[in-house]
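J.: Using the sequences and the hints given, assemble the complete structure.
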Amino acid sequence: MPLDPVAASPVLPGLIAIVLYLAGTGLQARTLAHNAKLSMRLLTALAVPAIVLHAFAVHAQIDAPGGVNLGLLPVASLTALIMVALVTILSTVQPVRSLLVVLFPLSALALTASLVAEPTSKAVEASDAGLGTHIFVSILAYSILMMAAIQSIVLGFVERSIRTRSHILLLRILPPLETMERLLFAMIWAGFAALTGAIGTGFLYLDDMFAQHVVHHTVLTSLSWAIYGGLLAGRMWLGWRGASAVRWTIIAFTFLLLGYFGSKFVLEMLLQRG
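The numbering used here puts the first residue of the sequence shown at 118, with every later residue one more than the last.
Hints in this document: simulated from the structure, not taken from any laboratory. All C-beta atoms in this analysis are idealised placements derived from N, C-alpha and C, irrespective of residue type, glycine included. Incorrect hints may appear among the rest.
Per label pair, the in silico range of CB-to-CB distance [claimed, not checked]:
#, residue 1, residue 2, range
1, Arg-158, Pro-293, 19 to 25 angstroms
2, Gln-211, Gly-359, 18 to 24 angstroms
3, Leu-355, Ser-126, 48 to 54 angstroms
T.: The structure is reproduced here in structure tokens:
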């Protein structure tokens with residue numbers, strides 16, 4: 118008799134995915150410590166089943182009776198899943214595998230938190246295709262722009278290491294500085310496009326900003342969008358790069374993070390509103 122994925126428990130697939138993520142983290146740490154060449158075949162062999170099992174766990178958590186559970190921790194777990202899946206896929210054609218050093222333990226942490234915490238959010242009806250599109254595009258935008266934020270932190274670390282001539286061992290496994298910067302702005306462009314779509318579709322389904330407790334979310338997200346837009350304009354017309362790009366990427370993502378996850382934390386954890 119086939120299992121009903123809606124009724125299935127997220128615990129077992131989630132725990133196995135966590136073990137695989139931690140194994141992948143240990144593999145990368147061991148490679149760095151011994152100055153060895155990272156086996157992408159072995160890393161992929163750990164990543165793919167971890168992603169599949171993580172997806173089963175997230176599906177079981179989010180697919181609630183009568184709608185979807187868009188609580189803080191399930192969405193954080195879903196965001197981590199999307200990031201690690203995108204980077205794993207992109208690493209076959211682009212030098213982005215260095216992000217997995219951060220994303221594997223981050224995904225394990227997000228998945229663990231979502232498994233052990235009690236649900237704090239009511240199910241949201243998402244039968245309308247337009248609202249479903251808004252939710253999907255929003256989470257995709259957060260995922261891509263979080264990848265860009267992590268990339269900017271790595272880029273800033275590389276620039277500082279080159280100036281101080283330190284951490285030379287770690288620099289050997291990272292792409293050239295110009296490549297990392299190009300990938301950073303490619304991520305920002307993709308995330309900015311998705312964020313534009315998320316804001317646009319959000320206004321279509323925003324009946325009463327204050328009654329729906331999303332005024333802070335809307336203001337902070339719009340401010341983040343404006344900063345990302347300014348950063349991309351500065352890149353095109355003023356040639357912004359290096360420390361300026363890193364700084365403004367982190368500032369923009371901080372507002373975006375506060376706009377959604379900060380608002381959800383206040384509503385769910387502090388005010389106890391789903």
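J.: So, for every hint listed, does it hold in this structure?
T.: A quick look at each hint next to the structure:
1. Between Arg-158 and Pro-293 the C-beta distance comes to about 24 angstroms, which sits within the given range of 19 to 25 angstroms.
2. A hinted range of 18 to 24 angstroms holds for the C-beta pair Gln-211 and Gly-359, which are about 21 angstroms apart.
3. A C-beta distance of roughly 53 angstroms is found between Leu-355 and Ser-126, which places it inside the suggested range of 48 to 54 angstroms.
Against the hints set out earlier in the document, no violation occurs for any number.
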